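Chemist: Sequence:
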Amino acid sequence: MFILTGVGVLSLIGLILIGSSLFTVNSGSVAVIERFGKFHRTGAAGLNAKLPFVETKFEVSLKVQQVSLKMETKTKDNVFVSIPVAVQYSIIPARVFEAVYTMASPTSQMEAIVNNILLGHIPSMDFEHVYSSQPQIAMWVKAELDKEMGPVGFMINRVLVTDIVPSPQVKQAMDAINIANSNQVSARAQGEAQRIKVVAAAQAQAEAKQLQGQGIANERIAIAKGFREAIELIKDSADVPGQEAYAMLLFTNWTDMLASVGTSQNTTVVFVPSGPAGLADFQQQIMNVSALAKKLDAQGPTPAASPQSQIV
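Residue numbers (my numbering): -9 to 302.
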């Protein structure tokens, strides 16, 4: 049977006292030591000691923490928006007492401050202004939180306004407006492209017609020069009078025309007088037109009637 002696009892009690006196504090934390329920001191990270049965301790984190808040309000142009705000904060090591004992719920206090700041600014701003002013709103919130939470032991590391969320009805209306604007831009672009194509086609057709007309004119000029040279050649080489040379050239072209029409693959039914009588009639018509043209050219322009001759 194992019997404890007085020395053993004292040793056991000493071990118990030492075990309850020594403690360690994790990195990124600080120990708050109370004596008889009253704040006494703080203990840094590592090995620490306290009086057994007299002092108690608990750890407080010094790491950066984040609280996510959301506030709903209405803008100046009556758009209901929801504004998510993320506040990153930590306890100031030199003000652990204020952070632990001054405020029961620091996150609730932060939420109240954020709501107060947003309600003081957002209703005086249009939605577009609110959406484009997210960094400025975050600066306003951080400045106010630094002012209010610094004296109670909290450091505001960063404030993030992560989004400006309109109500579903407003979002649908804005999407519809954006779609309509996009459709208008697309329609204008398509219309402009179609207009450019039509203008280009019209210009090309006009240029083609102009070139075609010039070609036809040049062709007729060349034919006329050829006729004149052929008539002069017949007159000079065969000593034929001009009228007969003209009739001979006309007969040659008449027979060439009949041969071309008769052998063409695209020729349809064409009734052309091909006998001597037809040629003579065609020749007489051409000569009559030529004689009339010469007569009109010799007379010159017809003078306009005087005002007196018009009076009856």
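No wet-lab data here; the hints were simulated from the structure. A hint or two may mislead.
Derived CB-CB ranges, DEER-like [as the list claims (entries may be wrong)]:
#1 Glu49 x Ser172: 20 to 26 angstroms
#2 Lys64 x Ala35: 18 to 24 angstroms
#3 Met129 x Glu49: 19 to 25 angstroms
#4 Ala166 x Met129: 30 to 36 angstroms
#5 Glu197 x Met115: 22 to 28 angstroms
#6 Thr152 x Gly110: 52 to 58 angstroms
#7 Asn106 x Ser17: 49 to 55 angstroms
#8 Gln180 x Pro125: 35 to 41 angstroms
#9 Asn147 x Ala170: 16 to 22 angstroms
#10 Leu201 x Val175: 37 to 43 angstroms
#11 Thr14 x Ala102: 51 to 57 angstroms
#12 Pro74 x Ala194: 31 to 37 angstroms
#13 Thr152 x Gln99: 16 to 22 angstroms
Straight-line distance between alpha carbons at most 30 angstroms, and here's what the computed DSSO-like set of lysine-lysine pairs gives [claimed, not checked]:
#14 Lys28 x Lys187
#15 Lys132 x Lys64
#16 Lys53 x Lys137
#17 Lys187 x Lys64
#18 Lys137 x Lys60
Remember, predicted model here, so these are calculated numbers, not experimental data. Just so you know, even glycine gets a beta-carbon here, dropped at the ideal spot from N, CA and C.
Chemist: Which of the listed hints are broken here?
Modeler: 1, 2, 3, 5, 6, 7, 9, 11, 12, 14, 17
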